[in-house]
Amino acid sequence: QDRSLKVGTYGGYFQESFDTHIYPDFTAATGIAVESIGEPTGESWLVQLQAAARANQAPADVSMMAQVVRLKGASSKLWAGLDPKAMPNISNLPDHFVSTYEDGTVSGVGAVAWYITLVTNTDAYPEAPSSWNELWNPANEDRLGLISLITTSFLLEISAKTHFGGTDILDTEEGILQVMDKLGEVRRNVRLWYRDEGQFQQALETGEIPMGQYYHDVAGLAAADGKPVRSTFPSEGGVLDSGSWCVSKASTKIEEAQVFIDYMCQPEIQAKLARNVGTAPTVNRELTDLTDEEFAAVSSDTPPILPRYDIYEERGDWLNQKWAEMIAG
Amino acid sequence: MTRVLKSIFVALVFSFLAAPIIVVLGVSLNQPKRLLFPPEGLSLRWYGALFRESDWLGALQNSLIIATCAALLAVSLALPLALHVWKRKGWMARALYSLGVAPFILPPVISALGFMIFWISTGFYGRIEATIISHAIFLVTLPLVTISLGLQSVNEELLEAARSMGADARTTFRTVTFPLVRPYLVSGFAFAFVLSLNEYIISYMVSGFTVETLPIKIFNSLRYGYTPIMAAVAVSFVALAAIVFGLIARFGDLPRLLGAERASR
Amino acid sequence: MTQVSLRNVTKRFGTFTAVDGVSVDIPDGSFVCLLGPSGCGKTTLLRMIAGLEDLSEGELMVGGQSYGEVPAHERNFGMVFQSLALFPHLSVADNISYPLRIRGISKGECRAKAKELLELVQLSGIEDRRIHQLSGGQRQRVAIARGLAIDPQVFLLDEPLSALDANLREHMQIELRNLQRKLGVTTIVVTHDQREAMSMADVVIVMRDGKLQQIGTPMEIYRNPANAFVAGFIGVSNLLKGILDGRRFSLSGAQLDLTPEDIIPDGVAGPAVLSVRPEDITLFAGADGAGPHGRVTFIRDLGASVEILVDLGGAEVTSICSPKSRPDVDIGDEVTLEIHPGRSKVLAA
Amino acid sequence: MTQVSLRNVTKRFGTFTAVDGVSVDIPDGSFVCLLGPSGCGKTTLLRMIAGLEDLSEGELMVGGQSYGEVPAHERNFGMVFQSLALFPHLSVADNISYPLRIRGISKGECRAKAKELLELVQLSGIEDRRIHQLSGGQRQRVAIARGLAIDPQVFLLDEPLSALDANLREHMQIELRNLQRKLGVTTIVVTHDQREAMSMADVVIVMRDGKLQQIGTPMEIYRNPANAFVAGFIGVSNLLKGILDGRRFSLSGAQLDLTPEDIIPDGVAGPAVLSVRPEDITLFAGADGAGPHGRVTFIRDLGASVEILVDLGGAEVTSICSPKSRPDVDIGDEVTLEIHPGRSKVLAA
Amino acid sequence: MLAISFFRQSSGGFYEPVFTLDNFGRFLSPFFAKVLTVSVSFSAGAAAIAVAIAFPFTYLLVQMSGRAQAVALVFLLSVLSLSEVIIGFSWSTILSQTAGIGNILAGLGLISESRSFSPSSGALLTALVYLGFPYSVLVIYPAMSRLDPEIPEAARMCGASPVRTFFTTVVPMMRNTITGALILVFVFTLGAYILPQTLGRPQDWTLSVHITDQAVFQSNLPFASAMSIFLLLVSLALVGLSMLLGQTETKR
Ligand SMILES: Nc1ncnc2c1ncn2[C@@H]1O[C@H](COP(=O)(O)OP(=O)(O)OP(=O)(O)O)[C@@H](O)[C@H]1O
Ligand SMILES: Nc1ncnc2c1ncn2[C@@H]1O[C@H](COP(=O)(O)OP(=O)(O)OP(=O)(O)O)[C@@H](O)[C@H]1O
Ligand SMILES: [Mg+2]
Ligand SMILES: [Mg+2]
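Protein chains in written order, with the numbering used here: chain D, 1 to 329; chain S, 330 to 594; chain C, 595 to 943; chain E, 944 to 1292; chain X, 1293 to 1544.
Just chain D, same shape as in the assembly (with noise of 0.2 Å):
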């Protein structure tokens, strides 16, 4: 008996983690196995398993898309839609994490979650900041790093929140411009728009580039190890991103995909993943066995803010000709 799936997911650090914690663990339980693949960003690896299911290729079976791209791949159908009863595990999560069809097949399951806060680099910024509005603040000017994709630097809604009130502004396109308008003042303070996760984290922790948005629980990571670096919930919330397990309609595996996602929907799985990669369980918090402080360390008590994934969706070609015109002044 010879299963296997191929499972992507964020290359470098995260697929690491799971490489190590988690596939050995699952194929053990389930004699299925792994073949891990690293993506790309979720955009990129969305064109990739698009032109792929074209040719009828599926390069992973299951892969852990953000959730603009999960939207935009539902849209065109590039999921496989699967059977809920197949994975029992599913009820262990939140509504909002199960993403289904009109038909009540289900497109995508929430796999991780994750914040984007504030970081610093401790030895420029002894105090750490505790708003957003430091990134508007002049005294930083040229020091900031922030996420050049619209789609997963969520900074708009970062704005909308600090300066608006909330996100509701964005629901019309005079309202997003307003938004975007407040975010270009942000631009005389951007040092580093980037895009590789490596370059920011380097010159964050060298102090070349002492302040911007960055994924909570890499951060921490860093912190652990030593680096003079720090991650703040600011006061506005952090960004409360997540992961969502999908599966190209080009798989032969579905059924070897359904026992992945129904395994990965424990909550002592997600318990570990908090413990070992960082992440924020998707399940309900109660049903793991995470201490206050182990929760603490992956999440906050204050409100996140939420992306609006609808924007991107409805607007995706306009807001992205508006915001590369934005960054680029």
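Any given hint could turn out to be false.
Unchecked claim - Below are the SDA-like pairs computed for lysine to any residue, each with C-alpha atoms no more than 20 Å apart in a straight line:
1. D:Lys272 with D:Asp262
2. X:Lys1326 with D:Trp318
3. D:Lys6 with S:Arg456
4. E:Lys1267 with C:Glu932
5. D:Lys227 with S:Glu369
6. C:Lys918 with E:Lys1125
7. S:Lys335 with E:His1016
8. E:Lys1267 with C:Pro872
9. C:Lys939 with E:Glu1281
10. E:Lys1125 with C:Ile925
11. C:Lys918 with E:Thr1225
12. C:Lys918 with E:Arg1286
13. E:Lys1125 with C:Thr891
What the hints assert, rightly or not - Far from chain E, some chain C residues (derived; all Cβ distances over 10 Å):
14. Asp622
15. Ala666
16. Glu703
17. Cys704
18. Gln716
19. His726
20. Arg763
21. Arg817
22. Ala881
23. Asp924
Derived by calculation from the structure, the hints in this document are not laboratory data. Note that the Cβ used here is the ideal one computed from N, Cα and C, for glycine as well.
Given the coordinates of chain D, assemble chains S, C, E and X with the ligands onto it according to the supplied hints.
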């Protein structure tokens, strides 16, 4: 005085060229699993890791397969083309030659996108064959140029001599033309091989992560700030290129291959 | 019987006629030099004989058979190219035995024959060298050996010696001629060096602008040039303009009485040109002699001979004498010319 | 005063010595030919004089001043290169006036000077042509005009005529020599053609393997060659081995009594070589004469002269005679040699 | 095959085979005009600098012995085999605050405190020059090696100093080659996609970055195609021009 200035200028240019290589070399010798320069603690472990870690090994394998096949294919496309151009010197032949040279001269993004669309629409997207063929077409310029140079250096009187001694057209090709252009064929192969090994954008757009090559792998690991293996790969490739071209220079006439008229002394 | 006959052979490249109606018979076993200035069509003519160019017109007969349609590789001719065209990727022995191997002869036999041929051209023992390891003269001989490997019916050579330096060239001329005498193969050599042609040839064919000018033994051509071009091309010639009246030739300020030995073609009279060789002019100091006189413009003392250039009322005349008989004149001096009787030729003006 | 003096001038390329301790004085206003076989260091020596190569050792004096450290572009020399090195992107006039423009002379003046120089080299009216529109001979003259534009102290030419065909070359030799006579500029010409050197030079410098062999007028060198190499390189020479005893020279089967006019260097005795010019050997048919005898191996009848090659017990001897005095001999015949008294030189063996 | 692929992308859209000019319309906006200007200025600047360095460098190169030339060429070709990814990474390291030349300059006292030079237009330009330099040497090298070395020597004998010689003979004689090299490097750097991202700020991102973004991140192939058709036309015109120039020079 002027001589000193000249030497300084040449030395500056060389250090400009060498700087990145030194950086990658330094990074590749890091002890910790970080991309640090200057390196912290010297170690060769990442070179070893390149041949031990299965995903890197797989990428290496892919790269080598692609480079070998693409270079072979490019050479076998270039040889008949070059022969044709050499025999018929009309404008048609010249146009054909330009067509062979074009893909390499245009911005690679364009070729990459063209290939991507082509393979998607024919349904071969993501197959290793697609990458091989794309590379072969992209790089066909190199063997085409070297073989053409080789053919130009074949004195026509040699062929006539063979004919006057009783060799028909095929025998002449087999016993004279081919042995004479063989070194140029080999160097065309080498050029194509080395460049295919390092090609990024086309491989990326044509089969991306299904057929992961080393440059793609490097780009990804760079993206996640991850492992000095990628530096080790880069250094190995530069070393490989230096060896290949060094051999060509040693056993062939590299300046002439690059178009110098006077043979090197 | 490998007589080579050309009948009205013509070659056109586009609208340009490189060889224009040449008819020649080359006797079996003779050594022929094709001589003419650069671009006159010598190579083209040789290549047509070799079968490397098609004839635009005319007929080529070898040994009594028409050869116009026989492709080059079936002709069994030997050829030596100007660039020698030795195969750089083969050893000396392999070069020489190439035509034999093509004909399917075994390796051993090839090797034996190569050895024999190398002996013939006095190069024993270099069988296994590479071509680039040979000197110019050695390459020359290897090329000749290769051309002779199949005992060719006809042996063709295109400026075989032009790349060699003067001494080696003269030496190779002698060697080539002796070799041909030994083998008796009908041989056609292209050259643009008249000295070379006169050294080697039984028969010289002079061409110009694709047309045959004259054919004959070297001495016939030297003594009795068909026209001014041939006179000037074969050796140095002084072409003196004047008026011919019977045997009397009048030129600027002097009159010459031609002897019966001087050659006067039928029908020439009135304005004519007298071709006189430099060695047939003697100079005397002073303007008081009976012959034409002029002024010395340049003296070229080469040791073995002295050339004196004289301005003869606008025409430049060259006289050659041995150092012993050198007249006592200097640049600018007036001299009188004496033209030796019986050695001139009159040409139509 | 633009005497050029070389003192022990040496040039090394790595371990290879291209010019080896040459010391020469070149008098003001003289026309000097640097002569020697290919690779002997002529070009290198000329380039050192021009300042294009540094001296590895030795000293260069021009007009009494040390020039070793003066860079090429400050030397005020004229130079004509073997490839001519005309500037393809400039017109004829601009080429010629380039050295003047570099010196800041106005356009108008440059133009006038270019016109004047073109007249000097007999090329009026082609000022505005491009270089690639000129014939070989015209280019030659333009290069010479450019070299002369600044009234150079010293005029250097590296094989200036080697690319021209024989007729044009002889013509240009005369022209160049006459031009130099007119201008009186100290001129050094590199050539490997002894005929050319003898035609033009006041003084010939013979080199070999980077070393000076002999310096003298053409006739001195022809008559009194310093060694066997010079004897063979300047004209044709027969080098006969034998034994010298006082004035008596014994060679294979014959004895010669040398006259006081024959040159015998001091200290030579015993085994020696006699250098005899071909024109100083007369042949007689038959083996019964008093002189050395041998067998005819080749006859080269060139019309103006006849060369007869004789095998003299292993040594090949060349004799030249005029067609009139040609002995009645043929290949294979036995002949007796008569060597003219008073015209030979003895060389150390 | 190439023709087909280019042909296809021009035909409107890949996802919806409906012919539309919207993509070209979108491209004709002030924003993309700016992007195009940026791309062109970077490539032109990189080409100018690369050739300005490569030309005298090659001039000196061909004067070296055959052996030295071979070694230098092997080195150049090895540099050529560095992929854009590595070049970008290396230059961002070299120009960073901690590990780069900032330290050297600070050590020399030229600037008060080490600083980072990346990302910036200067960093991008440096890396583009680096990318284009080997190519410009390879283009100039053949023509330069055919230049009769006696010509500059002749100029020196005419009284021109070495610098003057270089500018009055070598440069004018190689004018076409220089143009050819300029165009080649221009076109080549126009295609750079990774360098602008890693070393440039968003306002430095070139058309190639946007093309790739559209194709790879936005899966908007029609728009990507429209942009690359435009880029293709520009490049083709320039390449054609350079070939033409190259030909007239070799004809002489
Ligand atoms: N393939 C060709 N196409 C067009 N013209 C040609 C061709 N081959 C030769 N010619 C022309 O024919 C003429 C004669 O050429 P050929 O080579 O026979 O001259 P040649 O007498 O051998 O001269 P040389 O002594 O320079 O070798 C020349 O004007 C040449 O340009
Ligand atoms: N730059 C150089 N480096 C090394 N060797 C050189 C150099 N220039 C010349 N030589 C060598 O020096 C020797 C003399 O060369 P030179 O050019 O002076 O000869 P030459 O007498 O002018 O010969 P030719 O008649 O062939 O022009 C030759 O053996 C040559 O190979
Ligand atoms: Mg010819
Ligand atoms: Mg020389």
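Quick check: which numbered hints come out false for this structure?
-> Violated hints (numbers, rising): 6, 9 and 21; every other hint is consistent with the structure.
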